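Student: Given next are the chains, with one letter for each unit.
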Amino acid sequence: MLEIKAKVQPAVATTAAAPSLYAEHRKVYPKAVQGTVRRVKWLILALCLGLYYVVPWLRFDRGPGAPDQAVLVDMHNARLYFFWIEIWPQEVYYLTGLLILGAIGLFMATSLFGRVWCGFTCPQTVWTDLFMQVERWVQGDRNARIKLDAQPWGFGKLVKKAITHALWLLIAAATGGAWIMYFADAPTITRQMLEGTAGNQVYFFFALFTATTYVLAGWAREQVCTYMCPWPRFQAAMLDENSLVVTYREWRGEPRGKARAQGIGDCVDCAACVNVCPTGIDIRDGIQMECIGCGLCIDACDDIMQRLDRPRGLVGFETWTNLAASTAAAAPCAPGPERQRAGMAARRVPRFIRARTLVYLAVLTTVAGVMLGSYLMRTTLTLAVIRERAPLFVRLSDGAVRNAYVLKLANKLRDETQYALVLEGPRGLTITVQDAPLDAQGHPLIGSRADGITQWRALITAPPGLHLPESVGVHFRLLNAEGHEATSTGSVFLGPKP
Amino acid sequence: MAQVEKDSLTGTDTTGHEWDGLKELNTPLPKWWLYVFFACIAFSAVWVVLYPAIPLQGATGTTGWTARGAIGGIVEAERARQEPMLARLRSATPAAIAANPELRAFALAGGRGAFAINCAGCHGAGGQGAQGGFPSLADDEWIWGGSMEAIQATIQHGIRNAEDDAARTSMMPRFADGVLTPVQINDVAEHVLSLANRSTDAAAAGRGATVFAENCAACHGEQGRGNRDLGAPNLTDQIWLYGSDKASLVRNIGYPRAGVMPAWAGRLDPATVNMLTVYVHALGGGE
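These protein sequence lines map, in sequence, to chains G and W. Mapping of the first sequence onto the numbering used here: residues 1 to 498, in sequence order. Mapping of the second sequence onto the numbering used here: residues 1 to 287, in sequence order.
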């Protein structure tokens, strides 16, 4: 189990000035790093940003009169297009399902591999990474940037800073612009935006997402993760002793000291891991809320260890269970290669199959199954019957009783079909539909406009002398040209108390 | 006050506040966050100047913006958008509107709204009428006619409306005021019941037939089938505005009641009257 190690410090009472309640911002200057984790991060960055910028430009032919953009949220016409899938507003539960899948997927990934979302795929991380790279190209690496910031303002500094911010704004504008394209036809809206003819709403959201990208990725960076994002605060509930987290193998590194010193651990206290950290923390202090689990310190440390001809992995993705086992196995050994081997030998394959991961997997499978099932059984024709309640029923001059219904026929396809409306209910009831023609059998023929809803008003009449209970069930069946039922909906027929 | 104490477990400064032995750790808020608060306060100050924020009548901001003004603009724009359609509705007859699917759909939607505002108070939300002489517009019985023209005329001029000369008027005499004796009224009520085979006193009904022929048939017809030109309702069907039981009949022969409907031609524009006509006609009883 986890062992909470507390650094017990003596209670010191000093007479210095009262501590400030507001912390100064300490700028982080992450150093460039090469290695496996960094390569994976670049790959994921390219994939995520590529998808984000390119997807709105993908075309998908839906026939005439329909948008040909593969992924489009059409707010004005209330349709959501995803390749061959078209979602109506009343099917927004698919979106709910996706959000549940996203949340549970995040929980599961976290309980298995720690904060991989934060470290590799979170938009905040991805765009910050890109912005940092731009900064590096223009202003140089960590030391150069620190020096530049310390310099008094001059022409050279001004140019470098201006280029950095101009490039940031350019990327931010592309980001804000791409966001708009998910909500409007990409080529059209791009042309309109360049011509200055897009609406105020478009420019507002463009400016909003440009500004947030620029501020969050250029200025706020790790402050977002530490102070604004709720996820680091409650991810502790998903992590346990079998989750992989970025960890410093203290049992191997301590006591840290100069490389040539005798009787000390493998950590040479070079601060490479600290210098590359995008949130400016020291991984050797143990697991911390600020750590986004990006693993760049692993690459940094591996590089140093390789140069010193020592085994890699002084910092690595490790579970607390393995860490405890290694610590126990390494304890009897003196610092050196033997201690390293003993500690590493005590490690076991992490337990990925655990109660919580199984629960997450079950929820994921269930939700995905329900969504898939509901999509496969999704009907393209739905009939909603709304009984008019004012009046509940109308008594006619000959004593007949009549009920009125509003029929809403929704057609999710792009062609129009007519259906014969057949009423199922007590014998003697007759149905008429206002404005509807009759077919050969005398049934009203109703249809719905393509990709829309058409409303009909139906009247059901019970002739005088037909003794019915106060309320009887009736069924509205729609038959297609072959006489097969296309859809049906139930309702009730009300009359006076018998 | 200036005593700074470090918490022994975490090594963090305390704020110096202590409650029952519990000491509050100082976890400082980043300064930029404090500045965001200041920026919000500055924003609100600007807002108070620009927009109506002071709860006093007439206290508008320097921009002069009001919620009423904003919605007014939207309403104006919508009116302008509907105007071509309304112009067509104004010039067309209700029958022509009903024959054109586009106009009919617009008229049904517009008529529904106009009905809810102007008519539902008496005739009910669905035109079902109400007790006390407000006739149902959803059934197939019409006192003054259920054709498009008749409905339009009724809406335009009203019924028994003294302010409009074109309004149709009918007045059933108060037969209890010395015209008929109570026995005669009883007999004629039995006769009216017998028209729908509901009489329980054949002798009285027989006597009442004579009284009916002399006093009632002029308006309600020999067979009691009514006369729409005179607004005399059909007495042979099952729809009764003031009740169908004998006591109600006796009362209504002796002291008849008659409802009044206002004229709408002056209050609503012709397009709205036409939309209402089409809507009422489509409620279920249009002829």
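Just to be clear, a hint being listed does not mean it is correct.
[Unchecked claim] Cut-off 25 Å, straight-line C-alpha distance, at most; resulting in silico cross-link-like pairs (PhoX-like, lysine-lysine):
| id | chain 1 | residue 1 | chain 2 | residue 2 |
| --- | --- | --- | --- | --- |
| 1 | G | 497 | W | 246 |
| 2 | G | 160 | G | 147 |
| 3 | G | 147 | W | 6 |
| 4 | G | 497 | G | 412 |
| 5 | G | 27 | W | 31 |
| 6 | W | 23 | W | 6 |
| 7 | G | 161 | W | 246 |
[Unchecked claim] Computed far set for chain G versus chain W, every beta-carbon distance over 12 Å:
| id | residue |
| --- | --- |
| 8 | 21 |
| 9 | 22 |
| 10 | 219 |
| 11 | 275 |
| 12 | 325 |
| 13 | 331 |
| 14 | 357 |
| 15 | 393 |
| 16 | 400 |
| 17 | 402 |
| 18 | 423 |
| 19 | 435 |
| 20 | 459 |
[Claimed, not checked] Examples of chain G residues lying across from chain W (beta carbon under 7 Å, computed):
| id | residue |
| --- | --- |
| 21 | 397 |
| 22 | 399 |
| 23 | 489 |
Source of the hints: derived by calculation from the structure; they are not laboratory data. In this text the structure is predicted, and so the values were computed from the model without any measurement. Ideal placement from N, C-alpha and C gives every residue a C-beta, glycine not left out.
Student: The structure should be examined with respect to each hint, and the outcome stated for every one.
Tutor: Comparing the hints with the structure gives:
1. For the hint pairing residue 497 of chain G with residue 246 of chain W, the CA-to-CA distance comes to about 21 Å; that is within 25 Å, so the pair holds.
2. With a C-alpha separation of about 13 Å, the suggested pair residue 160 of chain G and residue 147 of chain G falls inside the 25 Å cut-off, and the hint holds.
3. Note on residue 147 of chain G and residue 6 of chain W: the hinted pairing is violated, with a Cα-Cα distance of about 34 Å set against a maximum of 25 Å.
4. Using a Cα cut-off of 25 Å, the hinted pair residue 497 of chain G and residue 412 of chain G is violated, with the two alpha carbons roughly 41 Å apart.
5. Under the criterion of a C-alpha separation no larger than 25 Å, the hint pairing residue 27 of chain G with residue 31 of chain W is consistent with the structure, at around 13 Å.
6. Simply put, residue 23 of chain W and residue 6 of chain W have alpha-carbon atoms about 10 Å apart, close enough for the 25 Å limit, and the pair holds.
7. Proximity of residue 161 of chain G to residue 246 of chain W is assessed by CA-CA distance (about 98 Å); at most 25 Å being required, the pair is judged violated.
8. Against chain W, the non-interface label of residue 21 of chain G is violated: not every CB pair exceeds 12 Å, the least being about 6 Å.
9. Distance check for residue 22 of chain G against chain W: the nearest CB is about 5 Å away, which does not clear 12 Å, and the non-interface claim fails.
10. With a closest Cβ-Cβ approach of about 9 Å to chain W, residue 219 of chain G is found to fall inside the 12 Å limit, against its non-interface label.
11. With a least CB separation of 22 Å from chain W, residue 275 of chain G remains clear of the 12 Å interface cut-off, as annotated.
12. Distance check on residue 325 of chain G: its Cβ is at least 27 Å (rounded) from any Cβ of chain W, clearing the 12 Å threshold; non-interface status holds.
13. Distance to chain W confirms residue 331 of chain G as a non-interface residue, since its nearest Cβ pair spans about 25 Å, more than 12 Å.
14. The beta carbon of residue 357 of chain G is kept farther than 12 Å from every beta carbon of chain W, the shortest such distance being approximately 32 Å.
15. For residue 393 of chain G, the shortest C-beta to C-beta distance to chain W comes to about 9 Å, within the 12 Å cut-off, and the non-interface label is violated.
16. Not every CB of chain W lies more than 12 Å from the CB of residue 400 of chain G, the least distance being 9 Å, so the non-interface label is violated.
17. Separation of residue 402 of chain G from chain W is inadequate, the least Cβ-Cβ distance of about 7 Å not exceeding the 12 Å criterion.
18. Distance check on residue 423 of chain G: its Cβ is at least 17 Å (rounded) from any Cβ of chain W, clearing the 12 Å threshold; non-interface status holds.
19. Here residue 435 of chain G does not stay apart from chain W, with its beta-carbon only about 8 Å from theirs, under the 12 Å limit.
20. The Cβ of residue 459 of chain G does not lie farther than 12 Å from every Cβ of chain W; its closest approach is about 6 Å, which violates its non-interface assignment.
21. Look at residue 397 of chain G: its Cβ gets to within about 4 Å of chain W, closer than 7 Å, so that hint holds up.
22. Interface hint at residue 399 of chain G: satisfied, since its Cβ lies 5 Å from the closest Cβ of chain W, which is below the 7 Å cut-off.
23. Taking 7 Å as the C-beta contact cut-off toward chain W, the hint placing residue 489 of chain G at the interface is violated, the least distance being around 21 Å.
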